[in-house]
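Engineer: Chains as they are written, first to last, in our numbering: chain S, 1 to 515; chain C, 1 to 515.
Quick caveat, the hints were computed from the structure, so don't treat them as lab data. Mixed in with the good hints there might be a few duds.
The list treats identical chains as interchangeable, and a pair is accepted whether it falls inside one copy or across any two copies.
Straight-line C-alpha distance at most 16 angstroms; calculated EDC-like pairs for lysine to aspartate or glutamate [to be verified]:
(1) K381 <-> E470
(2) K415 <-> D322
(3) K362 <-> E471
(4) K381 <-> E342
(5) K362 <-> D409
(6) K326 <-> D409
(7) K326 <-> D220
(8) K362 <-> E425
(9) K139 <-> D390
(10) K362 <-> D61
(11) K297 <-> E73
(12) K381 <-> D143
Protein chains: 2
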Amino acid sequence: MRMKLKLFTAAATAIFFTGGAMAQPSPQGPAAAVSAARDYHYQNGAQIVKNFSDLLAIPNDALDAENIRLNAETIAHLFSERGFAMQLLEQDGAPPLIYGSLETLGATRTIAIYVHYDGQPTEDADWTFPPFEPVLYSKAMSDGGEIIPFPVPGDVIDPDWRIYARSASDDKAPFAALLAAIDALQESNIAFTSNIKLIFDGEEERGSDHLDDYLAAHADKFSDIDLWLFCDGPGHQSGNPQLVFGVRGVTGLGVTVYGPNRGLHSGHYGNWAPGPGWRLSRLLGSMKAADGNVLIKDFYKSAEPISALDRAAIAAAPAPDDRLRKLFGMAETEASNAPLGERIMIPALNLRGLKSAEVGSKARNVIPPSASASIGIRLVKGNDPSAMIDLVEDHIRRQGYHIVREDPDVKTRAKYPLIAKVERESGYPAMKSRMDDPMVAPLIDALRAAAGDLILAPMLGGSLPLYMFEEASDAPIVILPIANFDNNQHSADENIRLGNLFYGIEAYAAMLVME
Amino acid sequence: MRMKLKLFTAAATAIFFTGGAMAQPSPQGPAAAVSAARDYHYQNGAQIVKNFSDLLAIPNDALDAENIRLNAETIAHLFSERGFAMQLLEQDGAPPLIYGSLETLGATRTIAIYVHYDGQPTEDADWTFPPFEPVLYSKAMSDGGEIIPFPVPGDVIDPDWRIYARSASDDKAPFAALLAAIDALQESNIAFTSNIKLIFDGEEERGSDHLDDYLAAHADKFSDIDLWLFCDGPGHQSGNPQLVFGVRGVTGLGVTVYGPNRGLHSGHYGNWAPGPGWRLSRLLGSMKAADGNVLIKDFYKSAEPISALDRAAIAAAPAPDDRLRKLFGMAETEASNAPLGERIMIPALNLRGLKSAEVGSKARNVIPPSASASIGIRLVKGNDPSAMIDLVEDHIRRQGYHIVREDPDVKTRAKYPLIAKVERESGYPAMKSRMDDPMVAPLIDALRAAAGDLILAPMLGGSLPLYMFEEASDAPIVILPIANFDNNQHSADENIRLGNLFYGIEAYAAMLVME
Chain S
1 MRMKLKLFTA AATAIFFTGG AMAQPSPQGP AAAVSAARDY HYQNGAQIVK NFSDLLAIPN
61 DALDAENIRL NAETIAHLFS ERGFAMQLLE QDGAPPLIYG SLETLGATRT IAIYVHYDGQ
121 PTEDADWTFP PFEPVLYSKA MSDGGEIIPF PVPGDVIDPD WRIYARSASD DKAPFAALLA
181 AIDALQESNI AFTSNIKLIF DGEEERGSDH LDDYLAAHAD KFSDIDLWLF CDGPGHQSGN
241 PQLVFGVRGV TGLGVTVYGP NRGLHSGHYG NWAPGPGWRL SRLLGSMKAA DGNVLIKDFY
301 KSAEPISALD RAAIAAAPAP DDRLRKLFGM AETEASNAPL GERIMIPALN LRGLKSAEVG
361 SKARNVIPPS ASASIGIRLV KGNDPSAMID LVEDHIRRQG YHIVREDPDV KTRAKYPLIA
421 KVERESGYPA MKSRMDDPMV APLIDALRAA AGDLILAPML GGSLPLYMFE EASDAPIVIL
481 PIANFDNNQH SADENIRLGN LFYGIEAYAA MLVME
Chain C
1 MRMKLKLFTA AATAIFFTGG AMAQPSPQGP AAAVSAARDY HYQNGAQIVK NFSDLLAIPN
61 DALDAENIRL NAETIAHLFS ERGFAMQLLE QDGAPPLIYG SLETLGATRT IAIYVHYDGQ
121 PTEDADWTFP PFEPVLYSKA MSDGGEIIPF PVPGDVIDPD WRIYARSASD DKAPFAALLA
181 AIDALQESNI AFTSNIKLIF DGEEERGSDH LDDYLAAHAD KFSDIDLWLF CDGPGHQSGN
241 PQLVFGVRGV TGLGVTVYGP NRGLHSGHYG NWAPGPGWRL SRLLGSMKAA DGNVLIKDFY
301 KSAEPISALD RAAIAAAPAP DDRLRKLFGM AETEASNAPL GERIMIPALN LRGLKSAEVG
361 SKARNVIPPS ASASIGIRLV KGNDPSAMID LVEDHIRRQG YHIVREDPDV KTRAKYPLIA
421 KVERESGYPA MKSRMDDPMV APLIDALRAA AGDLILAPML GGSLPLYMFE EASDAPIVIL
481 PIANFDNNQH SADENIRLGN LFYGIEAYAA MLVME
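In isolation and in its complexed conformation, chain S is listed as follows (with noise of 0.2 angstroms):
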């Protein structure tokens, strides 16, 4: 009897397994591919997380144009090697987007798979290893795992076992899963069950400005795509895997305010020269009260009201917070601890970052000539992102500030005492999928094949650019994290479990054969 491998959540698990000849012909179905992936990666593991490391060690900057297009080569060349036309779109000033398809006999169902191969931006000084020079731990770091070397073949891989470096969860993890995954079943003589097409996208991390003008051009290639499936973000923070409905969308803004036109002496000026900072905190104290409410007029107006389905999925699915604040360290979370599967399903106001000259051993006795502030929303389904910003610059509009666009002029720096300079990001809107959809129900299935304690779960709060998608086709879209939720994403020491790859193998392995 073979033991069900726990790879997914961070309970550590030993590792049984039995061997045996394969058998001619091979059985078909999810949970056949389940158990060919297993051996799969038992026996190829340390090839599959060096290929993995070799991939993460390349640069990924949405910015870094050279290096991004090496990403796109290198991608585009590893599914070719794997019987994928493969094809990189173009289009000036963005990265090329990689589209990959691949017929399958007698299969009367395409699903799309769409993975982003850009990460975000890194600040060096924050990581403990530079960002794209992959380190392999024995556990999480902050859990006093140590480094240890990478695994050789015959090494027996521990599933708590990491990788750190940008992207090795979001969104690089998928590559080396669906790659592997593909090797098992072929390997195997198990046969995928649907025409495949790939749609990795180079600049997610900065917003997709482009993808939305690469479906246009495209269309002709996305029109007969029955099922959607995003292949991005964590699991849930239970530890548990989930398959995911809907996401945030995402938008944002720059908010600078002036004071002096230069720094003047804080003693000859200080109470005199008003402080940009004092400025800035008071105008973002206005936006936001203490228990997380946002105070800005209509931010919660148009927003879709909650779903008796969805309420009750959120109610099913384990509520992780307690041992979140813990991981976290904090006592107390916003809204007097309101539950963290109810607050993404409400737009967010974030405070990204902030800045006005320096501060600790760098402060100067200075009054600074500006302070700016970096400001994300986070959408729902019915908020339209322009919109979004249109009321935060109202609210800014109401605490007496003049807006602009550009540092202002003389002029208008002699007309008004208050200013503001805004800078509107672009953004999209959320997508949300209904749970019920029957072209769904067999991926449920094959899921369950590969976590028996699958969470469908409406909405994940992170964002994906997927109302591209929902515009372009009736098809649903449906996400599917593989990376463990405590990856670090968006932040130094990114990391993944080499457990939660090895669910990815699995799981996408069951996805291409699902009935």
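Position chain C against the provided structure of chain S, taking the given hints into account.
Structural biologist: Just chain C now, kept in the frame of chain S:
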């Protein structure tokens, strides 16, 4: 007839000069000294500028031990060459205090001259040129000045030319002016009228933490001083020279508030994990009202009331407010345009800097782990530095915060929803001399020989550690600034207008021979 040079004010003036053989014996007294100084800087301007530039090229951050010592040795050598007995007084972990003395035959009075040779920390990125590579401009950069070559002997020097470098004004200009004044008097055989002591501080911009100990350890050197003369700070904002009878004290604190113990993805946790930037904004917003009024309980309570003599002096000085608002690009200043002269007579709460994660193109979609502010406090007579920080701490506590001295540990985080790390800075109280002290009267007369329109100012907004000298003797303490007020002191592109340097030479010459 010799025309009076308008050296101090910004208006350019044609320069006429009558040569002539030196009479024997030399005329004495302040008027003769000013005349001799004027002859001297007219004939030796290029060399004075060159010597000054060489001194500015030695980096002088107080934390740069090697270069700070090089400054000290260089300056001591320059005064030693001119007949002063020089010593570098030493203390562990502190820059040397430069001490010098010169006995004057028949003098019944000892004056002490204080200058500091360290400069504010620099942020090279903000500077048009590296801060320790002096550059000469035809006038202020902000007025369209252009780079010009340094003068050679024989060149006529325009008083509107400016040298750009760190400490050009604050506070190396007094060294250049004093050395030239001494040379001018010696060349014209004009005798000093006081015994002179020199005290040159090497860590004023870092708070003069060791000056107290230096004074205590060498109390015998300072016990016979009859008048303290502090050469630092800018001229009056009207463009006129000034003699100042008080300085604000200074202290400060760093405040850091916390969110999650690591950066969290703003999508997955935005609206649930409290953002530290919001917390900091609300906290700071509670400290100071939009009209400039500090809302911290008892903040204004310990300040001594403004005397009638001081009020009269403020009223008598030209009010620079409208011009400064225009120059600094502000439609309105604090407290509904209340006069600068009054505002610096009360304590100030300044926000020197803000920092949380990143803004602008470097911003990431993250809930940062912390947000920090750097707060400066300017003090007036009656304010105790430590007690003023206590008031801020009490205020922070009243906003619901638990105060810590180090980043909070797991236990503290679990216990307190709101945690603020307060890093208290050292500091010192204000100093205030009587404007009608008889020891100061001859100095006022002497300075009027160099500057007819001398302003007598009760208070300088900036800070100097003069309280120590106030404690150490009964002698009055006055400040004689020479720098142009628009010198970008404490900011990038610090500069001095050469007309102000030359005024300094004349003023110091007059001071050295006062009745």
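Engineer: So, for every hint listed, does it hold in this structure?
Structural biologist: Against the structure, the hints:
| no. | hint | in the structure |
| --- | --- | --- |
| 1 | K381 <-> E470 | within (12 angstroms within a copy, 68 angstroms between copies) |
| 2 | K415 <-> D322 | between (52 angstroms within a copy, 14 angstroms between copies) |
| 3 | K362 <-> E471 | neither (50 angstroms within a copy, 31 angstroms between copies) |
| 4 | K381 <-> E342 | within (14 angstroms within a copy, 55 angstroms between copies) |
| 5 | K362 <-> D409 | neither (29 angstroms within a copy, 25 angstroms between copies) |
| 6 | K326 <-> D409 | between (49 angstroms within a copy, 12 angstroms between copies) |
| 7 | K326 <-> D220 | neither (49 angstroms within a copy, 61 angstroms between copies) |
| 8 | K362 <-> E425 | between (30 angstroms within a copy, 13 angstroms between copies) |
| 9 | K139 <-> D390 | neither (45 angstroms within a copy, 44 angstroms between copies) |
| 10 | K362 <-> D61 | between (29 angstroms within a copy, 12 angstroms between copies) |
| 11 | K297 <-> E73 | neither (47 angstroms within a copy, 64 angstroms between copies) |
| 12 | K381 <-> D143 | neither (37 angstroms within a copy, 53 angstroms between copies) |
Checked against the numbered hints above, the structure violates hints 3, 5, 7, 9, 11, 12; every other hint is satisfied.
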